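Sequential numbering of the sequence shown, starting at 7, is according to the numbering used here.
These are computed hints drawn from the structure, not numbers from a lab. Because the structure is a prediction, the values reported are computed rather than measured. Incorrect hints may have been included.
[Stated by the list, open to error] Restricting the straight-line Cα-Cα distance to at most 25 angstroms, the calculated cross-link-like pairs of lysine-lysine (BS3-like) are:
{"no.": "1", "residue 1": "Lys486", "residue 2": "Lys416"}
{"no.": "2", "residue 1": "Lys19", "residue 2": "Lys35"}
{"no.": "3", "residue 1": "Lys263", "residue 2": "Lys291"}
{"no.": "4", "residue 1": "Lys174", "residue 2": "Lys486"}
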Amino acid sequence: MNVTLAVKQYISKMIENSGPGMKVLLMDKETTSIVSVVYTQSEILQKEVYLFERIDSQSRDNMKHLKAICFLRPTKENVENLIQELRRPKYSVYFIYFSNVISKSEIKALAEADEQEVVAEVQEFYGDFIAVNPHLFSLNLSGGRSWEPTLLPRTTQGLTSVLLALKKCPMIRYQLSSDMAKRLGESVKQIITKEYELFDFRKTEVPPLLLIMDRSDDAITPLLNQWTYQAMVHELLGLNNNRIDLSRVPGISKELKEVVLSAENDEFYANNLYLNFGEIGTNIKNLMEDFQKKKPKEQQKLESISDMKAFVDNYPQFKKMSGTVSKHVTVVGELSRLVSERHLMEVSEVEQELACQNDHSSASQNVRRLLQNPRVSELDAVRLVMLYALRYERHSSSILPSLMEELNRKGVSERHRRMVTSMVEYGGKRVRGSDLINPQDAVAITKQFFKGLKGVENVYTQHAPLLQETLDQLIKGRLKDSQFPYLGPSSLRDRPQDIIVFVIGGATYEEALAVYNLNRTMPGVRIVLGGTTIHNTKRSDSSTAPLATFRIGGGGGGAELSYGGGC
Numbered sequence: 007m008n009v010t011l012a013v014k015q016y017i018s019k020m021i022e023n024s025g026p027g028m029k030v031l032l033m034d035k036e037t038t039s040i041v042s043v044v045y046t047q048s049e050i051l052q053k054e055v056y057l058f059e060r061i062d063s064q065s066r067d068n069m070k071h072l073k074a075i076c077f078l079r080p081t082k083e084n085v086e087n088l089i090q091e092l093r094r095p096k097y098s099v100y101f102i103y104f105s106n107v108i109s110k111s112e113i114k115a116l117a118e119a120d121e122q123e124v125v126a127e128v129q130e131f132y133g134d135f136i137a138v139n140p141h142l143f144s145l146n147l148s149g150g151r152s153w154e155p156t157l158l159p160r161t162t163q164g165l166t167s168v169l170l171a172l173k174k175c176p177m178i179r180y181q182l183s184s185d186m187a188k189r190l191g192e193s194v195k196q197i198i199t200k201e202y203e204l205f206d207f208r209k210t211e212v213p214p215l216l217l218i219m220d221r222s223d224d225a226i227t228p229l230l231n232q233w234t235y236q237a238m239v240h241e242l243l244g245l246n247n248n249r250i251d252l253s254r255v256p257g258i259s260k261e262l263k264e265v266v267l268s269a270e271n272d273e274f275y276a277n278n279l280y281l282n283f284g285e286i287g288t289n290i291k292n293l294m295e296d297f298q299k300k301k302p303k304e305q306q307k308l309e310s311i312s313d314m315k316a317f318v319d320n321y322p323q324f325k326k327m328s329g330t331v332s333k334h335v336t337v338v339g340e341l342s343r344l345v346s347e348r349h350l351m352e353v354s355e356v357e358q359e360l361a362c363q364n365d366h367s368s369a370s371q372n373v374r375r376l377l378q379n380p381r382v383s384e385l386d387a388v389r390l391v392m393l394y395a396l397r398y399e400r401h402s403s404s405i406l407p408s409l410m411e412e413l414n415r416k417g418v419s420e421r422h423r424r425m426v427t428s429m430v431e432y433g434g435k436r437v438r439g440s441d442l443i444n445p446q447d448a449v450a451i452t453k454q455f456f457k458g459l460k461g462v463e464n465v466y467t468q469h470a471p472l473l474q475e476t477l478d479q480l481i482k483g484r485l486k487d488s489q490f491p492y493l494g495p496s497s498l499r500d501r502p503q504d505i506i507v508f509v510i511g512g513a514t515y516e517e518a519l520a521v522y523n524l525n526r527t528m529p530g531v532r533i534v535l536g537g538t539t540i541h542n543t544k545r546s547d548s549s550t551a552p553l554a555t556f557r558i559g560g561g562g563g564g565a566e567l568s569y570g571g572g573c
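Could you build all of it, start to finish, from the sequences and the hints given here?
As structure tokens, this is what we get:
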């Protein structure tokens, strides 16, 4: 199960179906993101696609020498734009692909608009999601604590398109403590029943399983600082459809103001995605040394025509390596600067203590000490108090009022201080379905959330997300029906092999790493993780707190804590 490959194959098939000749790729805002995450512009150019346009653009020229490949979401707005396009076609022929199921009435409306008979093909290709990694997808949606009228249908469409792309007709289990999880499960089941012909895949010995979870069951994981490359980049710099905005980095060159990090097209990134910061530092040094060795050798030997020819032959690879080196040196350098400037190693150590250990006295002292440290940013101060509140909300000796006063003294606004209360309302003990935190357990780490700490050497990566334990229980056949019931009368007797996990309210890169490791270490089990968004602390979901934005510092050191969604 590979979501990246599934989307790439759809796009390749679209281009292949249009035959030889020059082409334009006509997209909407969302499908532009879907395509750009799995294909670079240069890759698509090699397939004779020379122009990329938006269907809603009013400034497109007539180009009858081009074939149009349309890849669009089946929205009313897109169908209307396409109807107008077909009435006055700008291109010679149209190959139309919708990213999800389109109604017969809309197909009829398109056929009636095609008076000049320029449409060669209309098909459904189910790439209605962002394929972030081979085992990770996002819908790039933000939402609240209940389903908004447009959000449930869009989430259902995205999730069913993943199932269709992977050719899976699953059994469904959902988190009992979440009404949103149950409603989404029922909505997906309804589509599977309605479109039963689309879901008529070859039966497997063990049916696939869709597991629907709610972010509120584990509000801690998105709040923690991260120390593996991809997760750290998203936490500190923000990854948006594999792009990083570095424009606020001090002294940044023009060509590095926005960079792309894609494991599909960047070997260094692919090899270092899940390595910790220390290992990345060593590997970046090795990459630079390798580049330095090649650089003078190539330049010194330009003495004959054959030397020059050899250099020109190797130049694209040399230039690519040069771009890779400068990009990763810049990114790692900025991460390093932020870690130092924001005192993140010490902050992270206390975060891990709050998440993984059960010493209230030590945690209280350490949180207070960091709040009083002027080098600790307001963002990190609020995050520490949120973690403390989630961890010790019912402790008899809780010092939460005192910590809130410390935030006040630090200059944190009342609006941002209220986020602490909102976080407890969203993910506190009252709403959790799982035993995320157990205050009675005074000695050991709580059974479900903190299993596996023994022998962990790195103090910054002690924490394991709840999702990891949930999947472990699921694979071993021990996940309780009382916590995750099946939708419908059937249940799975055998150990599941193909598992699609979806987190309402957003997944995290720490959870993606857990899924990657489970895929690596559990033979015969294939897991794909998805969410309404991919979280970091700075761009968390509006479901966790009132809409708010937190800006700290200037230049490249700015950080945001905005509970307003985004991926």
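Now the hints, each set against the structure:
no., hint, in the structure
1, Lys486 / Lys416, "violated (45 angstroms)"
2, Lys19 / Lys35, "holds (21 angstroms)"
3, Lys263 / Lys291, "holds (22 angstroms)"
4, Lys174 / Lys486, "holds (24 angstroms)"
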